Amino acid sequence: MSDDLKAPAEEDGDWEKVGVEALASRSDLLKRAAVAGSAAVAGGLLIAGLPKVAASAPSRAQDVRILNYLLRLEYVMAAFYETAAAEGQLTGEIQQFVSVVGEHEREHVALLQRILGDDANAEPSVAFGDGTSNPTKVAATARMLEETASAAYIGQGANLTKRAMIDAARITSVEARHAAWIADILRGHPAPAAADPAKSPSQVSAALRRAGVSISG
Amino acid sequence: MSDLTLEQLDQDGAIQEGIADLYGHSRADFLRKAVVGGGVLIAALSGPPRVEAAAASDVRIFQFALNFEYLQATFYTETERLGTIAKMAARKALWARTLGAHERAHVAIIKKVLGPAAGKRPFFNFRGNTETEGRFTRTAVAMEDLTTALLTGLTPKLQDQGLTAAAFSLMTVEARHAAWARHLVGVVPVASAFDEPKSLNEVDRIVASTRFISTLRARTTTTRNPRFTG
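In order, the protein sequences belong to chains A and B. Basically our numbering = 1-based index in the first sequence + 2. Basically our numbering = 1-based index in the second sequence + 30.
It should be emphasised that the hints constitute simulated quantities derived from the structure, not laboratory data. There could be a bad hint or two in this list.
To be verified - Within a straight-line C-alpha distance of at most 30 Å, the following computed DSSO-like cross-link-like pairs (lysine-lysine) qualify:
1. B:Lys141 / A:Lys164
2. B:Lys117 / B:Lys142
3. A:Lys164 / B:Lys142
4. B:Lys122 / A:Lys139
Here the structure is a predicted model, which is why all the values come from computation and not from measurement.
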């Protein structure tokens, strides 16, 4: 899918004149963007090296940092579903969910690696505590991971350059679909709000820690 | 950062009146306090209409999105009014009512974003698709998948960074609706690892082919059938 990283299609005419430089001259927009990104303060392992994202206009360098952050989340999810499939004693719909969604997360890893090229960070080692030990825990951890991933993409999407955003958007909606699916399996609310909240990197880190996920490397 | 409630959003009371019509006042009171969510939207919605300083292309995108949200909101509201939702099993009725409430909230959000640039609600004819559970469900599944494709395609085309962030918060909600709908009807909720975006023009053609909107493009004369809602 490397050709998905092209500029917006020609047929869309003036819409493709996407100028992030224009933002720099509009300080009020930047202030709002800072709220939108709310990613400024890093902290915790997951986001080591992530800059004050929303404080500066999108750039390739910023894309690399954001996409590596999202890649790290995708690595965590792919590893989770792989471990859960092996150890979770899964049957029925949870087994189907883990199989389908696990494949999606591997594809997300592959696409983000391809976009990042040589800038892609290596896979960390991840431990899930007892989160993969039985179907109930697998489902609960999966729900947390999908909700967190969806909110993480919402938090960073607008900070990407348009080129990177095209692919990020196609992943974002899929993470939200995963979240709704597992919520419905668990008889939770698949769509609890009319607009989904964003999570900052530090909130993402905290959510993973609370769920017993530890990441190193 | 606290979340926005429908009450804060709906200061002229238009949504609440509609909800009270549908559910009676106790339900309306409950829904009034319902969290609209999306802290980003508080930034996007505070102050004057957001598109005043935005690019003309952003205005066009939001105007199109507003028409699409009008279509969805009217579809769910009409289905409720016709009693089709009341006959559904509890879990399915929750789905249908949630989607209606969300799409009405999206109309309010986008109208607020557009301010005076917001167009009026067109007239619709859903051609019987609000009258039976089966036809309603099939249409809703298709509509939610289409909205997801629309927003994944349009969001990266927005220029205003705040509006882009807000669009991400709405896009995921439409994706949740679509997955929930597909799960209810027994289809895999996530067809592939990547959602396939559709351009505004593609979506416009698909919507036109349904003939649900009778006044999408301004015509000087319109024949209104009494069953149209608007």
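Going through the hints against the structure:
1. For the proposed pair Lys141 of chain B and Lys164 of chain A, the alpha carbon gap of about 25 Å is at most 30 Å, so the pair holds.
2. Between Lys117 of chain B and Lys142 of chain B the alpha-carbon distance is near 34 Å, which puts this suggested pair outside the 30 Å criterion.
3. Note on Lys164 of chain A and Lys142 of chain B: the hinted pairing holds, with a Cα-Cα distance of about 25 Å set against a maximum of 30 Å.
4. With a C-alpha separation of about 26 Å, the suggested pairing of Lys122 of chain B with Lys139 of chain A holds against the 30 Å cut-off.
When each numbered hint is compared with the structure, a violation occurs for hint 2 only.
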